[in-house]
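One-letter residues, chain by chain:
Number of protein chains: 2
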Amino acid sequence: MKQKSNKYVLHVVIVGGGFGGLYAAKKLGKNKNVRITLIDKRNFHLFQPLLYQVATGGLSPGDIASPLRSILRKYKNISVIRAKVIDILPNKKQVVLEGGENISYDKVIIATGARYNYFGNTQWLAIAPGIKTMEDSLGIRHRIFHAYESAEREKNETSRKEWLRFVIVGGGPTGVELAGALGELANHTLVEDFRNIHTEHTEILLVEGMDRILPAYPESLSRKAEKSLRELGVTILTDTFVTDMKDNEVTFKRDNMVSKIQVRTILWAAGVKASMIGKVLEKRLNVKTDKAGRVYVNPDMTLDDRQDIFVIGDLAYFARNGDEPLPGLAPVAMQQGKYVADLINKRLQGKETNSFHYTEKGSLAVIGRNKAVAYFGKFRFSGFLAWLIWVLVHIRYLIEFDNKMMVLFQWAWNYITMRRGARLITGDDPFPYMDEDYYSQVKNE
Amino acid sequence: MKQKSNKYVLHVVIVGGGFGGLYAAKKLGKNKNVRITLIDKRNFHLFQPLLYQVATGGLSPGDIASPLRSILRKYKNISVIRAKVIDILPNKKQVVLEGGENISYDKVIIATGARYNYFGNTQWLAIAPGIKTMEDSLGIRHRIFHAYESAEREKNETSRKEWLRFVIVGGGPTGVELAGALGELANHTLVEDFRNIHTEHTEILLVEGMDRILPAYPESLSRKAEKSLRELGVTILTDTFVTDMKDNEVTFKRDNMVSKIQVRTILWAAGVKASMIGKVLEKRLNVKTDKAGRVYVNPDMTLDDRQDIFVIGDLAYFARNGDEPLPGLAPVAMQQGKYVADLINKRLQGKETNSFHYTEKGSLAVIGRNKAVAYFGKFRFSGFLAWLIWVLVHIRYLIEFDNKMMVLFQWAWNYITMRRGARLITGDDPFPYMDEDYYSQVKNE
Chain G
0 MKQKSNKYVL HVVIVGGGFG GLYAAKKLGK NKNVRITLID KRNFHLFQPL
50 LYQVATGGLS PGDIASPLRS ILRKYKNISV IRAKVIDILP NKKQVVLEGG
100 ENISYDKVII ATGARYNYFG NTQWLAIAPG IKTMEDSLGI RHRIFHAYES
150 AEREKNETSR KEWLRFVIVG GGPTGVELAG ALGELANHTL VEDFRNIHTE
200 HTEILLVEGM DRILPAYPES LSRKAEKSLR ELGVTILTDT FVTDMKDNEV
250 TFKRDNMVSK IQVRTILWAA GVKASMIGKV LEKRLNVKTD KAGRVYVNPD
300 MTLDDRQDIF VIGDLAYFAR NGDEPLPGLA PVAMQQGKYV ADLINKRLQG
350 KETNSFHYTE KGSLAVIGRN KAVAYFGKFR FSGFLAWLIW VLVHIRYLIE
400 FDNKMMVLFQ WAWNYITMRR GARLITGDDP FPYMDEDYYS QVKNE
Chain R
0 MKQKSNKYVL HVVIVGGGFG GLYAAKKLGK NKNVRITLID KRNFHLFQPL
50 LYQVATGGLS PGDIASPLRS ILRKYKNISV IRAKVIDILP NKKQVVLEGG
100 ENISYDKVII ATGARYNYFG NTQWLAIAPG IKTMEDSLGI RHRIFHAYES
150 AEREKNETSR KEWLRFVIVG GGPTGVELAG ALGELANHTL VEDFRNIHTE
200 HTEILLVEGM DRILPAYPES LSRKAEKSLR ELGVTILTDT FVTDMKDNEV
250 TFKRDNMVSK IQVRTILWAA GVKASMIGKV LEKRLNVKTD KAGRVYVNPD
300 MTLDDRQDIF VIGDLAYFAR NGDEPLPGLA PVAMQQGKYV ADLINKRLQG
350 KETNSFHYTE KGSLAVIGRN KAVAYFGKFR FSGFLAWLIW VLVHIRYLIE
400 FDNKMMVLFQ WAWNYITMRR GARLITGDDP FPYMDEDYYS QVKNE
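Just so you know, the protein sequences line up as chains G and R, in that order.
The letter at position 290 of the first sequence is residue 289 when you use numbering that gives the first Met the number 0, and the numbering goes up by one with no holes.
The letter at position 156 of the second sequence is residue 155 when you use numbering that gives the first Met the number 0, and the numbering goes up by one with no holes.
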């Protein structure tokens with residue numbers, strides 16, 4: 000054992016190495032009186048907002064993920080454990096790892112994030128995969144490129160059309176970005192690659208229940224995004240709900256009109272649900288959760304009357320104005336991570352602390368080359384300028400963490416050549432075996 | 000259907016998109032009178048010599064693989080089919096695809112390569128994976144980094160040592176490169192990453208049945224390679240055979256001494272066996288194969304008295320001097336691919352053709368940063384110069400195919416920082432489910 004622990008005054012356990020957990024760890028790690036244990040079931044931090052780029056072959060997994068140990072290696076007071084936390088024992092001040100080991104804490108920061116939400120239709124998971132993990136995005140990449148390969152070989156005209164049809168459920172940023180990337184694949188990247196099909200004939204249907212896509216954005220930007228997507232051949236169905244799904248068929252409902260469409264590839268981007276640790280906290284502490292499973296937190300990100308349990312990021316329900324929660328965005332999680340680290344430091348020194356205050360960072364969604372929408376407070380951008388901001392914001396983040404200069408080169412290269420080199424089909428169709436976690440989660444609901 | 004076929008005088012089917020098949024396709028594709036169909040069960044060409052870099056986290060899958068369609072998109076007379084060829088019907092002049100479709104040919108070039116060879120001990124596959132496919136290398140990456148994660152968490156001293164012990168079976172170029180990369184991981188890349196273990200204590204055992212590693216190389220280079228490996232903490236066991244294997248135990252034999260060692264990670268690099276198409280050809284044409292399943296070919300790469308079937312690359316047994324076959328190297332396959340394309344072109348024009356002649360390209364094996372061995376005819380190199388030649392040769396090839404400038408940047412970056420960013424553990428331990436092909440192959444032997 001290399002590490003001496005007797006010199007530390009406090010042991011903080013952080014569960015989850017996403018945006019929230021990692022920012023908390025980096026900030027707390029600077030305090031040499033505190034020992035930190037970061038627990039994650041993966042060995043890497045994942046830049047989730049770029050998962051759709053892996054799913055569409057533009058980037059490789061290594062481009063958007065960094066080993067947690069590597070990011071934190073300079074902090075000798077931080078230990079990383081690759082394990083799954085399955086329970087929390089507030090009275091014993093312990094977290095329970097799968098396999099039986101318990102880890103004691105003085106303070107615990109829970110940042111386990113969220114997964115996709117099928118609103119009770121869990122059988123849709125195998126039909127329409129969501130995109131939250133690296134495995135998800137590799138699986139979706141498999142499905143997308145398998146669909147084109149199958150279309151190329153298909154002799155039957157009707158079946159060929161079904162292979163060239165994609166339904167994306169959910170018109171939020173993820174759905175919009177996926178639809179845009181698919182449109183670029185179909186109309187630019189793949190045009191010269193096939194001999195029996197015209198990839199420009201790809202049908203992409205983006206289905207949204209509200210009256211416009213990007214409903215959280217200013218309406219003018221929704222319109223701009225719709226226009227950009229239409230230019231890439233995307234059909235947008237608003238006020239439309241998916242009511243049923245089978246392997247090769249989706250049923251839509253709009254007003255009282257029900258229609259069915261035959262399709263081989265369905266992707267899910269319609270909502271998220273907090274991770275199962277929310278349920279654990281509900282059971283152990285009798286705290287309140289909302290429909291999406293998020294845990295109501297105090298203004299200082301603690302739970303109930305516990306001063307030693309913090310919940311941050313997508314798992315937390317932080318009421319801003321009245322009862323409206325903060326959105327599940329990376330900047331929210333980052334700020335909460337830093338806030339909690341700061342709070343723990345200040346309380347150690349006996350200093351006063353304030354409530355968490357979210358500084359609005361604006362929002363960005365990219366549709367394709369030179370096509371994006373963005374807003375920062377009153378400022379709204381679209382087209383090339385928004386796209387450029389998007390690139391710079393993401394590169395800045397990626398460089399901060401792991402000097403991922405490669406991604407910049409890769410993007411520059413993809414931009415110039417309009418190609419995507421990472422469109423490999425490996426392994427078998429991975430759905431749904433990899434979602435044991437999800438199944439075990441919903442089983443208990 | 001976009002493609003008109005009536006203008007072509009010949010239809011050439013190429014089975015396999017490795018070095019041999021791809022070079023044949025690129026050369027033949029320039030002849031606009033010939034229509035070519037390239038069939039591969041993958042949608043990408045794989046740069047196999049760098050698989051060990053993916054397995055050890057230095058490169059991402061997308062860095063060493065390129066979509067076949069993308070490489071060949073400019074050749075409008077080449078169609079790519081992603082399918083598995085399961086039979087060949089010489090009298091009907093057809094290849095049979097899995098699922099039932101038959102493809103007719105005027106000439107067929109078979110370049111399906113080789114897989115690992117367990118010399119009858121197929122049950123070892125799940126214990127000691129080989130490294131021939133992308134899935135293999137991702138699976139091995141999983142095992143290597145999982146071993147370090149497990150060692151970090153392991154409380155029991157003996158078990159921790161077993162997690163930090165790696166046995167590599169086979170001291171040819173693949174085994175040497177794997178051992179070197181593991182040594183660099185243990186002694187450089189990972190040193191700062193763990194808190195409970197010293198990665199420098201990693202034990203790497205390289206087991207070779209002959210009296211020196213790299214037995215196909217000049218002896219002076221074997222000695223240099225041994226020295227470089229020892230500097231990276233690798234233990235080299237020559238004249239040693241693996242006689243048995245269980246999940247956590249390997250049995251070695253040296254002379255009459257039998258010893259057992261407890262180990263959690265065993266990697267296989269001890270030999271290859273030709274793909275199952277060799278068996279098919281043996282059955283259909285009564286041609287001769289050798290112990291490793293390679294098909295004896297005529298001096299013009301044809302089979303028996305068939306002028307319309309060519310076998311090239313690792314699947315072919317091409318006798319050079321007396322009965323010694325050409326080695327299973329990329330340059331051999333590339334030259335044979337070009338040769339056969341040329342031969343078909345010349346025969347179309349009624350020109351004379353010569354037998355295949357292999358132009359020796361020399362051999363290269365890299366052990367680590369600044370450490371490699373190389374020979375070209377009488378010239379022998381080691382150390383930094385050999386390493387530099389290795390980098391330039393590989394970059395030249397990668398750029399030729401897909402302008403993979405990224406790899407150059409990635410290497411430069413890894414070189415400067417001594418880091419490996421792609422060491423992600425994704426999915427479950429993938430062995431042995433992915434080797435259905437291999438199982439179905441050995442089942443029929």
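Since the hints were made in silico from the structure, they are not lab data.
One thing to keep in mind: the hints can contain errors.
One copy or two, either will do: identical chains are not told apart, so a pair holds if it fits within one copy or between any two.
[Unchecked claim] 25 Å max Cα-Cα, derived BS3-like pairs, lysine-lysine:
#1 Lys154 - Lys73
#2 Lys40 - Lys245
#3 Lys83 - Lys259
#4 Lys154 - Lys29
#5 Lys91 - Lys160
#6 Lys377 - Lys160
#7 Lys377 - Lys259
#8 Lys91 - Lys154
#9 Lys91 - Lys252
#10 Lys92 - Lys252
#11 Lys154 - Lys75
#12 Lys26 - Lys290
#13 Lys160 - Lys26
#14 Lys377 - Lys40
Of the numbered hints stated previously, which ones are contradicted by the structure, given in increasing order?
-> 2, 3, 4, 5, 6, 7, 9, 10, 12, 13 and 14
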